[in-house]
Amino acid sequence: MDKSEKLALTLSALLLGVFFASIIYASTAKDIDVPTCITDFDPFLRDTLFQTGPDTYELQMVARMWAFAPSTIRLPKGSTVDLYVTSQDIIHGFKVERKNLNLMAVPGAINYMRVTFDEAGEYLFACHEFCGAAHHTMAGRFIIEEGIDEPETED
Amino acid sequence: MITNDYSFRFTKSSKYLNAVLLIIPMVLLFIGVYGGLMQTLFRAGIVQSDPFVGGDYYKGLTFHGVLNAIVFTTFFAVALGNALVPYSLRKPLNSKIAWLSGILMLVGSVLAAVFILMGEATVLYTFYPPLKAHPMFYVGLTLLVVGSWVAAYNWVPMYLEWRRENKGKKTPLAVVGMFTTFIIWFIASLAVAVEILFMLLPWSLGLVDEINVMLARTLFWFFGHPLVYFWLLPAYVMYYVFMPKIAGGKLYSDMAGRLVFMMFILFSIPVGTHHQYMDPAIGSQWKLLHGIFTFAVALPSLITAFTIAASLEHAGRRKGATGLFNWMGKLPYFDKNKWLFAYLITGLFIFVFGGIGGIINASYQMNTVIHNTAWVPGHFHLTVAGPVLLAFLGGSLYLIGQFMNKKIRLKGTAMIMPYIYTIGLFIMSYGLKVGGLKGMPRRTNTGASYANPDSLLYQPDWMLYIDLTVIGGVIMFIGIVMFIASFFTTVFSKSEPGTVSEDGSVEVTFPISESLHDEEAKWLRNFKPYIIIAIILIVLSYAPVIYDVLQATYGGSLPYSPDSPVPLR
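Protein chains in written order, with numbering that gives the first Met the number 0: chain Z, 0 to 154; chain A, 0 to 568.
Simulated from the structure, these hints should not be mistaken for lab results.
All of these numbers come straight from a predicted model, not from anything done at the bench.
Incorrect hints may appear among the rest.
Claimed, not checked - Partial list, computed: chain Z residues near chain A (C-beta under 10 angstroms):
no.	residue
1	Gly16
2	Ser21
3	Thr35
4	Val95
5	Asn99
6	Ile109
7	Ile147
8	Pro150
A virtual CB, placed ideally from N, CA and C, is assigned to each residue, including glycine.
Excised from the complex, chain A in its bound form:
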């Protein structure tokens, strides 16, 4: 049995790369978070114009969505893989290819961010045509995605070499998790690549006049739902691999972890049409099929809930807990030295509510009540802005400390931050969700209409919920400011004396958990059959949808700017 406490040496080049991949997106994240704060204030009518975003609510909404949900998450997933894959396989990272991927992603994100801030790409995070953005916005997003593909491609030869050298051994769970993340990402982003390269880009450049809007929407959601698993899975990797060890226990079942990841490969893609229940041009029977598949993808999350709870119970009992629930009190919630635990446990707690909301959204008929209402941002703030964001923030702080060889500064602030953020998040999401059930739309500058008593559209019943979102949003913002303070104080602090070696390489250690039940599970050892079944499921579920879309649409659409009802040509 190999011991799990070991450190691995990263070269100077890969060390700097990972530091860059963590620090630059953190700055972009903070710009996005500022946009989020401004939105709650705009929605409530507290501010009507804001000098930073030029008084444009929808531009702020675009950069909040793109920077926080696409840029930050993609960078963190790549950085975590660049750290965990070499670490778990004990093989050096090919840093030339890794830098190439990092540079593509950086150039792409900065390009997209610049055009959004210039107001040339106010098309929101979903960039639905025929609302047109500047071509460079689409190019930027493409470079970001391609850069992340290159990063994952870089890990494949390492893995194949490891398999040749370690015949019959189980692939480390962290590696299985990271590969699952990027297999899903790769299949899903093929659809959005087709949308951008063959539809949006030529149309935005003026090479073709018209675009089939329903087809673009369908391709977007082929990508758009698996995208959420691309966010969620690195968090799952941290739950399975780090969390039991930090809590002082073991992972309850290694096989459950592997099963969960394989189930995500199978079921995360053929479900995208559940975002299009209210769309025309797609037969309701196919929407029902996607609804059923969506429930299947809830299964791995239910297994995770059980396995992680069992692992934490094991940790609690090891510390002497007895009785049915005593173990819950024995966990290191407020242990400064185990600050990462706070990020993971709050995220899990939030995800219980996020998951229940997700099942409601996916439920075919119930979706009618909540589709595109404020309920939806209420829901995804409980998922992506909850477990995903908190795990990624905790992970970023952990990684930056390791790679830059720094002691974490303001540890107490960093430890308490997830709890403050969670309180804010629950208040804000409650406001959005109940407001949504009362019909309040999402993506709307309500402050200029429904929350303004002078407006014909003033809706007094919505005011309480709009106010709750402000209170929650401000508390969340305070949480993020606390995190940023701890993160950058750490980045700019002095390195530990005597730990930096002469060639600039650095020793990295991760809290990798052992497993309590370590079954053989040979049928979970190979990605190939799962990928093949996933492709079959995708073809079966998407072929009829695409056929319907092409059959039931007429004409194409010219490009429009958000500022004028007259088409651009």
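Chain Z on its own, in the form it takes in the complex:
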């Protein structure tokens, strides 16, 4: 092996080392995680929104061909939502625009992510996994407003 080759190898390994370190830093120190395995949550068939604290909510969302239930969710600014998603039929995807919230809705399993809405506005979410003929019409919105008295959902 000549010098330049050794240098190239070392630099490549260093670069990848920096990447390793940064994802571990993000997941431990910054607590940025991806969806995980849920074993202690009962299967649900209907959508529901509970208030669990002053600014915290639990939302159970059901995806099915070709709609999300609920499809419109109104919440006050600053809400933190524990979001549980499942599918009643085939695989769907759930991605919220301008938010790092992106989940697969898989039948026979429940997906979980926590999300906080600090800014008011409308956040479109759309199905991103092919789910049949009307897949491209499957979407919904989070509507985040200041001073909502009663959070509500619509199918």
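Take the given structure of chain Z and dock chain A to it, following the hints.
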């Protein structure tokens, strides 16, 4: 020292087989490419119904994916192996077994293609259950895979015989590359074979009612990521073995090439869960582990970037380049007689961007931003539809010229095509990638919703990026049409007079590069230890994932058709 310029005689039977393995997939590729063009038009809302695919965007998406990414690539990898392995080992191909494999693959692909075009298998290239396809679609895919196994099995006795006769000699690098490709392919496709034979097929036939969707998904991605290395490695073989010679230089380091291939065996399989970061039922710690392994598999590509650049620099300096970067100008970019170089260099240039995008996708947390958005097709068009497709097209044209004994026709068109295609590809991928960062989903007929001002879901911010994909897609299509013109004009032209021998056999020559640094590297001479370590890594990384999946899922799923929300039974 053996000279690298030699030709090897292929029998009439193996000559015809390889011609068939190149021509039929080229026709299927073109059908798939047409599907690709239609998609960009559908997405932009320019066409809303198309007579050829019956106005069905998702059916077009299925045949675009299956024909281009599975059928064409598998056939080319087999044809390249059928040519390079006998050539490098100087042993005749057992053409009976080779024909058996070719026929299995042909029957399988045609079967799958027919059921897709009939609209009985609109399940996309990932065929995720519980979306059900016709059983014959799964049978077709199985035959294609089994046929490719048979082809690789056919090379093993040749190789073992060569090793007995040439004790202490290094296996030719081309052979190492082809075997690496098929070792990865074999291990990876075992998982999808289990998925199809024990889960999808009995369920699709109605023998069992329900299917565990997460388990099927996990098995699919066990196969689905190494699959990309199955595509990439034949391109790597051409980069290492042909490219330095065509550029007029030598391969900078033979050992680096061998190291790269062995590293692919180690790290290409235990990484599939990085496609499932956003899935339920798999613990996040195992996703992190797969993320880390994914970075390890970037290492061989970084070594390749260095080694190939060094080889090209060597070629440039041989032609009198001085200074730091002058060698770049001395390469045969627009030399008609070295047209194959254009396919390889554009592919490498594209792959720089494809590789960076790949590292972004693999990065555990960053994946949240781009998972299943238009970014993803933007990325894989820079990898599989970039370096892989261009290398395979160049290779197909080269091989067909050699095996059918023809002069390449429309050489100038063939030479300029990769540059035109590359421009189109960059425009399209830019549109898809930025659109994806703005939340535009993939696999979606956006033209009927987000790109239609009458729709409630109309998204004006996405329009610019959708339009860019149309412009890029059309330019790419023009590139492919230029290639098809050159390929079929060559196929249907007259053979060179006086070159066909009486028994119908044909002399084939490949541009095999010599190496500049030719170290012994005895520790890279044997596949066995690498395969064993790879199996250990797979068990360590997949056992907990499968355990989690089985623990965290409840119930099974009945089959569904894409046309109705009511289950099929």
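A quick look at each hint next to the structure:
Proximity of Gly16 (chain Z) to chain A holds as hinted, the smallest CB-CB distance being about 9 angstroms (cut-off 10 angstroms). Because the closest C-beta pair between Ser21 (chain Z) and chain A is about 8 angstroms apart, less than 10 angstroms, the hint holds. The interface hint given for Thr35 (chain Z) is met, as the beta carbon of that residue sits about 4 angstroms from the closest beta carbon of chain A, less than 10 angstroms. Checking Val95 (chain Z) against chain A: minimum C-beta separation of about 8 angstroms stays under 10 angstroms; hint holds.
Interface restraint check for Asn99 (chain Z): the shortest CB-CB distance to chain A comes to about 5 angstroms, inside 10 angstroms, so the restraint holds. For the restraint placing Ile109 (chain Z) at the interface with chain A, the shortest Cβ-Cβ distance is roughly 6 angstroms, inside the 10 angstroms limit, so the hint holds. Violation of the interface hint for Ile147 (chain Z) is found here, the shortest Cβ-Cβ separation to chain A being roughly 22 angstroms, above the 10 angstroms cut-off. For the restraint placing Pro150 (chain Z) at the interface with chain A, the shortest Cβ-Cβ distance is roughly 23 angstroms, beyond the 10 angstroms limit, so the hint is violated.
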